[in-house]
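Novice: Residue numbers (the working numbering), protein chains in the order written: chain A, 30 to 406; chain B, 8 to 299.
Treat the hints with caution; some may be incorrect.
Covered, in the sense of this in silico footprint (three residues per stretch, anywhere, with C-beta under 8 angstroms from a C-beta of chain B), are these stretches of chain A [to be verified]:
id	region
1	72 to 80
2	221 to 235
3	247 to 261
4	271 to 277
If you're looking for bench data, these hints aren't it; they were derived computationally from the structure. Glycine is no exception: its CB is placed at the ideal position from the N, C-alpha and C atoms.
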Amino acid sequence: MKKKIIVLLSVIMIVGLIATGCAGSKTSTDTNEVVVAVTAPFTGDYAQYGNAFKTATELKQKEINETGGINGKTLKLEFYDDKNDAKEASNIAQRLVDDKSVLGVIGNFSSSASLAAASVYESGGLVQFSPTASHTDFTKQGNYMFRNINTQAIEAPMAADMVVNEMNKEKIAVIYINNDWGITAKDHFIEAATDIGGTIVAEESFIGGQTQDFTSILTKINGTNPDVIFIAAFYSETGMIAQQLQQLGYDYPLAGLSALYNEELIKLAGDTVEGLYLTTNFFPSESDTIVTDFLNDYKEAYGQEPDQFAAVAYDTLGMLAKAIEVAGEDRVAIRDELAKISDYEGVTGNTTFNENRDVIKTMRILQIQDGKFKLFK
Amino acid sequence: MFIQQMINGITLGSTYALTAIGYTMVFGILELVNFSHGTVYMFGAFICLILMSTFGLNFFIAFGISIVLTGALGIAIDRIALLPLRKRNAPKVTALISTIGVSIFLQNLVMVLWGSETKNFPRVIATKHIQYDSFRISYLQIIILVTSLVLMLGLTLFIKKTKIGKAMRATAQNIEVAKLMGINVDFIISFTFFLGATLATVAGVMVGMYYQSVDPMMGFMAGLKAFSAAVLGGIGILPGAVLGGILIGVSETIATGYIHSGYRDAIAFGILIAVLLIKPTGLLGKAVQKKV
Chain A
30 MKKKIIVLLS
40 VIMIVGLIAT
50 GCAGSKTSTD
60 TNEVVVAVTA
70 PFTGDYAQYG
80 NAFKTATELK
90 QKEINETGGI
100 NGKTLKLEFY
110 DDKNDAKEAS
120 NIAQRLVDDK
130 SVLGVIGNFS
140 SSASLAAASV
150 YESGGLVQFS
160 PTASHTDFTK
170 QGNYMFRNIN
180 TQAIEAPMAA
190 DMVVNEMNKE
200 KIAVIYINND
210 WGITAKDHFI
220 EAATDIGGTI
230 VAEESFIGGQ
240 TQDFTSILTK
250 INGTNPDVIF
260 IAAFYSETGM
270 IAQQLQQLGY
280 DYPLAGLSAL
290 YNEELIKLAG
300 DTVEGLYLTT
310 NFFPSESDTI
320 VTDFLNDYKE
330 AYGQEPDQFA
340 AVAYDTLGML
350 AKAIEVAGED
360 RVAIRDELAK
370 ISDYEGVTGN
380 TTFNENRDVI
390 KTMRILQIQD
400 GKFKLFK
Chain B
8 MFIQQMINGI
18 TLGSTYALTA
28 IGYTMVFGIL
38 ELVNFSHGTV
48 YMFGAFICLI
58 LMSTFGLNFF
68 IAFGISIVLT
78 GALGIAIDRI
88 ALLPLRKRNA
98 PKVTALISTI
108 GVSIFLQNLV
118 MVLWGSETKN
128 FPRVIATKHI
138 QYDSFRISYL
148 QIIILVTSLV
158 LMLGLTLFIK
168 KTKIGKAMRA
178 TAQNIEVAKL
188 MGINVDFIIS
198 FTFFLGATLA
208 TVAGVMVGMY
218 YQSVDPMMGF
228 MAGLKAFSAA
238 VLGGIGILPG
248 AVLGGILIGV
258 SETIATGYIH
268 SGYRDAIAFG
278 ILIAVLLIKP
288 TGLLGKAVQK
298 KV
């Protein structure tokens with residue numbers, strides 16, 4: 030009996046290992062295929078973002094292949110799980126650089142992982158096109174780094190404008206996540222906000238994934254009497270902050286960045302995030318045929334609404350495919366063509382690269398009303 | 008503001024204390040630092056949440072079932088990952104590494120089964136609070152503190168007064184001699200793990216409800232803090248776990264409130280190191296003569 034249980038559990042463990050470890054398996058490619066790699070966290074703490082990349086790029090791949098592929102060849106995607114780990118990301122980068130069939134890479138998800146892998150892609154001369162890495166230093170790592178999201182140098186000042194001019198708040202308390210992204214966002218936000226007449230009354234940090242208790246930070250902030258609390262963090266901690274504010278009996282308007290645009294925030298925090306303002310460059314209910322087509326196709330394929338991560342990954346593959354179509358199967362030419370792309374009409378708006386291979390996208394303001402994200406402006 | 012910060016600190020401390028009790032009990036019996044404790048804590052909270060959300064069970068029933076299930080998991084951990092090592096007389100550090108392995112396995116299992124995103128844990132009991140002047144204390148905060156005190160007292164009595172408690176202490180002192188006295192030490196050790204896992208579940212569910220959220224990584228930091236609390240109070244000593252937990256919670260809160268939130272852990276752990284330098288056995292620990 031004891032033996033049986035041990036055997037059963039070993040089997041479960043092995044199945045578990047296979048289930049978590051097979052995301053990067055590779056099959057042989059033939060010459061009728063154009064290969065693009067997608068590297069993102071498909072397991073681990075940030076798996077939901079990697080899966081948004083996966084579903085959206087697969088949808089785009091299907092569309093491209095149904096309309097004739099790239100120059101008559103089938104587009105093939107290969108997925109590599111970087112677990113949002115810097116070491117893993119650069120190992121994968123090495124593997125992809127050495128694999129000559131790979132023409133371009135979409136990834137990584139976070140700024141930290143993207144930065145770690147950048148030098149490998151740069152020296153190997155392979156395009157690293159991150160849909161989401163918004164750290165200002167990322168594209169400064171070399172000529173092969175591209176991004177498809179506003180940097181915090183662009184987004185945070187827009188958020189400052191939203192807080193000071195749209196919400197009409199002057200005394201601002203800032204809570205930020207203590208990592209590359211959070212610190213850049215906070216710095217740019219504070220700089221812009223003080224320029225246009227806001228006053229920063231508190232600046233508090235926390236460690237993502239570790240801090241669960243915000244009561245001491247919030248009690249301290251309450252002592253400074255702010256008009257608004259601005260949060261530079263992701264949805265999970267923002268949800269906890271909102272809930273703990275309510276538990277403490279404090280009532281302050283909240284504002285945040287596009288990183289909060291995730292249905293999970295409302296599921297997690299319910300009515301405590303009601304009235305929260307945020308910036309975003311993708312909003313599903315816009316009356317634009319490209320957007321509505323994407324929405325319907327995505328919903329049909331996966332039975333749920335796409336979030337901004339899915340939307341931006343979808344556009345990223347679209348842009349890369351366009352560059353490959355013009356340049357042919359040559360890594361250097363693909364880089365040059367990608368850099369030339371201008372006015373790409375995608376689901377996240379009109380996209381052009383500037384000379385640093387950064388994008389500038391128009392942003393909108395959303396507010397959570399009646400448990401839903403609504404367009405404010 | 009000071010009083011509110013003290014309330015915040017004591018509550019945070021009692022969540023550490025709640026977790027630290029299980030840690031310290033397993034150590035007291037086995038002299039084994041059980042690193043899977045934090046993960047079992049997370050696992051218990053998840054099971055309770057899934058039973059409520061997917062199966063629509065009432066909170067108290069879900070809580071009860073999750074305690075039994077994780078208790079069984081505790082026994083399974085011992086039988087699969089630790090008993091074979093004991094049978095071969097492996098050094099204690101091997102068992103410690105084995106518990107780390109269990110912890111990584113469980114964490115990833117939860118992520119595969121239920122996803123890695125943070126989930127809402129509904130606050131179903133004790134939703135009211137007492138408002139006095141400018142500060143408030145919620146019933147749940149009081150319940151968390153009281154639970155950790157009750158568990159501390161109950162377990163102390165259990166270990167001191169019952170027959171099985173006596174057997175546990177005998178096993179703690181000398182496994183070989185305990186065996187010669189007719190104690191089924193494998194049963195006692197499994198039972199200790201069962202008890203440890205149920206304590207972890209009580210803590211996980213309470214903390215999950217207090218913060219209204221659970222995620223697969225929640226056990227890691229909680230485990231580390233609870234372990235520190237146990238060491239600070241004197242590892243193996245139940246009242247020490249509660250004292251250590253509350254001290255760490257309060258010092259963290261004071262550091263955040265009056266210095267800067269960026270230094271909260273640095274200051275809390277600085278205090279921990281300072282105390283251990285002065286009193287290496289922890290606040291309530293007594294120097295024990297080493298068995299020969």
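Novice: Hints broken by the structure, by number, lowest first?
Specialist: Violated: none.
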